[in-house]
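Protein chains in written order, with this note's numbering: chain A, 20 to 298; chain B, 244 to 386.
Keep in mind that a hint or two might mislead.
As the list claims (entries may be wrong) - Result set (DSSO-like, lysine-lysine): computed pairs, CA atoms no more than 27 Å apart in a straight line:
{"hint": "1", "chain 1": "A", "residue 1": "K98", "chain 2": "A", "residue 2": "K162"}
{"hint": "2", "chain 1": "B", "residue 1": "K341", "chain 2": "A", "residue 2": "K281"}
{"hint": "3", "chain 1": "A", "residue 1": "K200", "chain 2": "B", "residue 2": "K246"}
{"hint": "4", "chain 1": "B", "residue 1": "K246", "chain 2": "A", "residue 2": "K22"}
{"hint": "5", "chain 1": "A", "residue 1": "K280", "chain 2": "B", "residue 2": "K340"}
{"hint": "6", "chain 1": "B", "residue 1": "K340", "chain 2": "A", "residue 2": "K277"}
{"hint": "7", "chain 1": "B", "residue 1": "K273", "chain 2": "A", "residue 2": "K277"}
{"hint": "8", "chain 1": "A", "residue 1": "K163", "chain 2": "B", "residue 2": "K246"}
{"hint": "9", "chain 1": "B", "residue 1": "K246", "chain 2": "A", "residue 2": "K24"}
{"hint": "10", "chain 1": "B", "residue 1": "K273", "chain 2": "A", "residue 2": "K98"}
{"hint": "11", "chain 1": "A", "residue 1": "K51", "chain 2": "B", "residue 2": "K273"}
{"hint": "12", "chain 1": "B", "residue 1": "K341", "chain 2": "A", "residue 2": "K199"}
{"hint": "13", "chain 1": "B", "residue 1": "K341", "chain 2": "A", "residue 2": "K280"}
{"hint": "14", "chain 1": "B", "residue 1": "K340", "chain 2": "A", "residue 2": "K281"}
{"hint": "15", "chain 1": "A", "residue 1": "K21", "chain 2": "B", "residue 2": "K272"}
{"hint": "16", "chain 1": "A", "residue 1": "K194", "chain 2": "A", "residue 2": "K162"}
{"hint": "17", "chain 1": "A", "residue 1": "K131", "chain 2": "A", "residue 2": "K280"}
{"hint": "18", "chain 1": "A", "residue 1": "K277", "chain 2": "A", "residue 2": "K200"}
Claimed, not checked - Derived CB-CB ranges, DEER-like:
{"hint": "19", "chain 1": "A", "residue 1": "V255", "chain 2": "B", "residue 2": "I317", "range": "14 to 22 Å"}
{"hint": "20", "chain 1": "B", "residue 1": "N300", "chain 2": "A", "residue 2": "D284", "range": "33 to 41 Å"}
{"hint": "21", "chain 1": "B", "residue 1": "N359", "chain 2": "A", "residue 2": "Y240", "range": "22 to 30 Å"}
Claimed, not checked - Here's a subset of chain B near chain A, in silico, CB distances under 10 Å, partners left out:
{"hint": "22", "residue": "I260"}
{"hint": "23", "residue": "K314"}
{"hint": "24", "residue": "D353"}
{"hint": "25", "residue": "L355"}
These aren't lab readings, by the way, just hints derived from the structure by calculation. All C-beta atoms in this analysis are idealised placements derived from N, C-alpha and C, irrespective of residue type, glycine included.
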Amino acid sequence: MKKNKIIILIGVLLFHTQLFNAQNLKDTEHTKKFADYLFKSRQYVLASEEYERLVFNDSLNNQAKLKLIQSYRFSNNFKVALQKFDYFFKDSLNRLQPDFAEEFLKNLILEKENEQVYSYLEKNSVLEEGFRQTYQLGSLLLKKNWDTAFNYALKHPVTESKKNADLHVIAFRSKQIKYKKPFNAALFSVIIPGTGKMYTKNWKDGLVSLMFVSVNAWQAYRGFNKSGKNSVYGWVFAGFATSFYIGNVFGSYKSAKKYNKKLDDEIYNEAWHLMVDDF
Amino acid sequence: MEKIHRYFNLLLLAFFILIINLTVFSQSKKDIEMLNGIFDQQNQKTDYKTYMRGNSNEFQLLASGLFLFYKSLISSQDGNHCVFNPSCSVYMIQSIKKNGILIGFSYGIDRLMRCNRLTPENYERFETTNLLSDPVWESNEKE
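Next comes chain A alone, as it looks inside the complex:
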């Protein structure tokens, strides 16, 4: 009798974990409630998991799909968000509802698929004309395609949107960038060491280079002057001076390229922040 009681007790204890699962908290209603809470409290990674379940349970729920994609975007999973678009709307990407189309564009921009942004907007007829123009101009600027962006800005007048007006200003400014020619920088350094770097506004680096080359050349001169052609001292410093001289020529070339890249990046960063800051 006692043995039976013990067996029953063990049985109850073994099954007690299953009793906890009696309430279904993962049905559509509860999942939506919890996913919305996670989304509102900005726990986007967790929210995306809940919205995945919601979309699985209710595949016609477009609002859940949008929230799911937004959760991926807010958690910086732009690639996954784009994969979701491909999965949900593979054949109807160009006919998406405006809020979905806008979300698709945002993910494309954040994933830096600027070529696709431009071509998508060309095919899309759902979004407003002004909106499309703004994002097309933005995508051209983000491609660092300054000439095309400038021509586009000339062809398409400024709309009421502030973003559009600001992008126009950037497009016009991009046309006025004054680049430094890398070949000229190298040539200047060939003539007088360090001047190539000064040409690219690296004054301090230019002076240091001039000092390195001139000090070593002076030491080589001293060595040769004292002991003639057989001066080890002279040859060692001549080797140093030549290395620094050639290094400075290549360095000046690279410095000009870096200078130009910096100018490009400044325009790019302005356009980038203008485009994505309100996402």
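The hints should help you fit chain B onto chain A, whose structure is shown.
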């Protein structure tokens, strides 16, 4: 007394069953993976021997050998004083591997001339080490 002993055994059994249930859910696989190797991170050292591989000609092999010699016997004894990351010697060997012996060496020499704190405004700075960033490969390039 015997009765009490039995009840005690029963309670003990119930307690163990409860504990088993708890331990099953105590730690997920992700938690364990997260903790893996956290104490090894501080002991990580760069293996400069990797630069001996992938040389496309004898000059690069020679440069890699000299680099390894410098890193093993000279640089290891005097501490890290270069203002850049990667350091000038690493930059030199990487530059030679990327651009060939002549141009790569020239860029390396140029880097030596820039190795000072006069122009920090030209570079990004690593917050943790306070070193200036000047990589051979740009972020959009592959090593």
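Now the hints, each set against the structure:
Between the alpha carbons of K98(A) and K162(A) the distance comes to roughly 19 Å, so the proposed pair stays at or under 27 Å and holds. With a C-alpha separation of about 22 Å, the suggested pair K341(B) and K281(A) falls inside the 27 Å cut-off, and the hint holds. Distance restraint check for K200(A) and K246(B): the Cα-Cα separation of roughly 99 Å exceeds the 27 Å cut-off, and the hinted pair is therefore not satisfied. Note on K246(B) and K22(A): the hinted pairing holds, with a Cα-Cα distance of about 13 Å set against a maximum of 27 Å.
A threshold of 27 Å between alpha carbons decides the hint, and for K280(A) with K340(B) the separation of about 23 Å falls inside it, so the pair holds. About 21 Å separates the Cα atoms of K340(B) and K277(A), which keeps this hinted pair within 27 Å; it holds. Restraint check: the Cα-Cα separation between K273(B) and K277(A) comes to about 43 Å, which exceeds 27 Å; the hinted pair is violated. Proposed proximity of K163(A) and K246(B) is contradicted: the alpha carbons are some 87 Å apart, above 27 Å.
At roughly 14 Å between alpha-carbon atoms, K246(B) and K24(A) fall within 27 Å of each other, so this suggested pair holds. The hinted pair formed by K273(B) and K98(A) meets the criterion: a straight-line CA distance of about 23 Å does not exceed 27 Å. For the hint pairing K51(A) with K273(B), the CA-to-CA distance comes to about 26 Å; that is within 27 Å, so the pair holds. Taking the CA atoms of K341(B) and K199(A), the gap is near 25 Å; set against the 27 Å cutoff, the hint holds.
As the CA atoms of K341(B) and K280(A) are separated by approximately 20 Å, the hinted pair is consistent with the 27 Å bound. A distance of roughly 25 Å separates the Cα atoms of K340(B) and K281(A); the hinted pair therefore holds under the 27 Å criterion. For the hint pairing K21(A) with K272(B), the CA-to-CA distance comes to about 41 Å; that exceeds 27 Å, so the pair is violated. Between the alpha carbons of K194(A) and K162(A) the distance comes to roughly 14 Å, so the proposed pair stays at or under 27 Å and holds.
For the suggested pair K131(A) and K280(A), the alpha carbons sit about 18 Å apart, so the restraint of at most 27 Å is met. The hinted pair formed by K277(A) and K200(A) meets the criterion: a straight-line CA distance of about 11 Å does not exceed 27 Å. Here the CB-CB span from V255(A) to I317(B) is close to 18 Å, well matched to the stated 14 to 22 Å. Taken as a hint, the range 33 to 41 Å holds for the pair N300(B) and D284(A), whose Cβ atoms sit roughly 35 Å apart.
Range check, N359(B) to Y240(A): about 25 Å between beta-carbon atoms, so the 22 to 30 Å window is met. This hint holds: I260(B) has a C-beta 5 Å from the nearest C-beta of chain A, less than the 10 Å allowed. Interface hint status for K314(B): violated, as the beta-carbon distance to the closest one in chain A is roughly 20 Å, over 10 Å. Given hint, D353(B) at the interface with chain A, holds; its Cβ is 3 Å from that chain's nearest Cβ, closer than 10 Å.
Interface hint at L355(B): satisfied, since its Cβ lies 8 Å from the closest Cβ of chain A, which is below the 10 Å cut-off.
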